Amino acid sequence: MHAEETKTDVALVRRLLAAQFPAWADLPVEPAASHGTVNAIYRLGADLTVRLPRGEAGSNDVAAEHRWLPRLASQLPFAVPVPLAEGVPGEGYPWSWSVYGWLEGENPAVGSGRAELAADLAEFVLALRRVDTAGGPPAYRCEPLAARDTATRAALDALHGVIDTGTAATAWSEALDAPEPQGRAVWVHGDLQPGNVLVAGGRLSAVIDFGCMGVADPAVDLIPGWYLLSAGARRIFRAAVGADRATWARARGWALSVALMELSYYRTSNPVMAGTARHVIAEILAEAEAETETEAQRWT
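For the sequence shown, position 227 (counting from the first letter as 1) is numbered 227 according to the UniProt record's numbering, and the numbering increases by one without interruption.
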């Protein structure tokens, strides 16, 4: 998936456990079905999971997760991973790693969420916003949208002939015109995509993978409107979180920028991520075209 990715396998997991956490060394180990890009996931027995970062960036998240997730967990209305043990480099593996409890549920299909999931996501996002930000780290996506302009336009250039880059560029420019946030920064998950959400019966059961968490513009955590929800549920989600026009415009810009970069980077290496990104881009471009038609009708 990445050019310099650290390779892992079941044998490595067994060696690491035997050397550092022998109490778990005899449990069965098997790869978990995951399209994640930062960590390789292994199921450990019935109730545990081992997360091995694929590279240095993921390893840098380990300490933050062990520090902050236990504090956040008690203040959130849905299950989140709580780290049980922090591993260190060893057995030829160069990064810090973790053992977590296993959380049941399924990843939702992109754009499949209905009203119930919209309400649950809003409840989660609002609860996270209420957490005291004192001492909280800056989120992975804490920069203003304008700081992403060069990288976003590079992704647009790379996708020429793959998507409607003209409409996408216009939608991106419109997002850049949105007013900057006026209120305080808040806690955000930072990456509320299908692979980081678990559902049961169409309802949110858990939110996982907090590697992007931290303090940022609340618009960052509104990207599930396009990644997870149908168009109708997206409207319910917006109303439930109370997003004003400027915040919603920035949120759409965040979703578009992230999806363009994902499609550009993972188009051949991760078909699931690429497919998700295509869906998000298509949803945003459809919205942009509908809004253009509405504006035109006002003048006719």
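Hints may be right or wrong, so weigh each one.
Said to hold, decoys possible - Once the Cα atoms are required to be at most 25 Å apart in a straight line, the calculated SDA-like pairs of lysine to any residue come out as:
id: 1; residue 1: 7; residue 2: 27
id: 2; residue 1: 7; residue 2: 72
id: 3; residue 1: 7; residue 2: 19
id: 4; residue 1: 7; residue 2: 55
id: 5; residue 1: 7; residue 2: 272
id: 6; residue 1: 7; residue 2: 78
id: 7; residue 1: 7; residue 2: 22
id: 8; residue 1: 7; residue 2: 74
id: 9; residue 1: 7; residue 2: 205
id: 10; residue 1: 7; residue 2: 201
id: 11; residue 1: 7; residue 2: 34
id: 12; residue 1: 7; residue 2: 66
id: 13; residue 1: 7; residue 2: 33
id: 14; residue 1: 7; residue 2: 134
id: 15; residue 1: 7; residue 2: 77
id: 16; residue 1: 7; residue 2: 25
id: 17; residue 1: 7; residue 2: 37
id: 18; residue 1: 7; residue 2: 116
id: 19; residue 1: 7; residue 2: 268
id: 20; residue 1: 7; residue 2: 195
id: 21; residue 1: 7; residue 2: 30
id: 22; residue 1: 7; residue 2: 89
id: 23; residue 1: 7; residue 2: 41
id: 24; residue 1: 7; residue 2: 170
id: 25; residue 1: 7; residue 2: 144
id: 26; residue 1: 7; residue 2: 38
id: 27; residue 1: 7; residue 2: 85
id: 28; residue 1: 7; residue 2: 26
id: 29; residue 1: 7; residue 2: 57
id: 30; residue 1: 7; residue 2: 95
id: 31; residue 1: 7; residue 2: 43
id: 32; residue 1: 7; residue 2: 60
id: 33; residue 1: 7; residue 2: 271
id: 34; residue 1: 7; residue 2: 143
id: 35; residue 1: 7; residue 2: 270
id: 36; residue 1: 7; residue 2: 130
id: 37; residue 1: 7; residue 2: 45
id: 38; residue 1: 7; residue 2: 150
Derived by calculation from the structure, the hints in this document are not laboratory data.
Model, not experiment: these values are computed from the prediction.
Exercise. Of all the hints given earlier, name the ones this structure violates by number, lowest first.
Key: 2, 6, 8, 9, 10, 14, 15, 18, 24, 25, 34, 36 and 38
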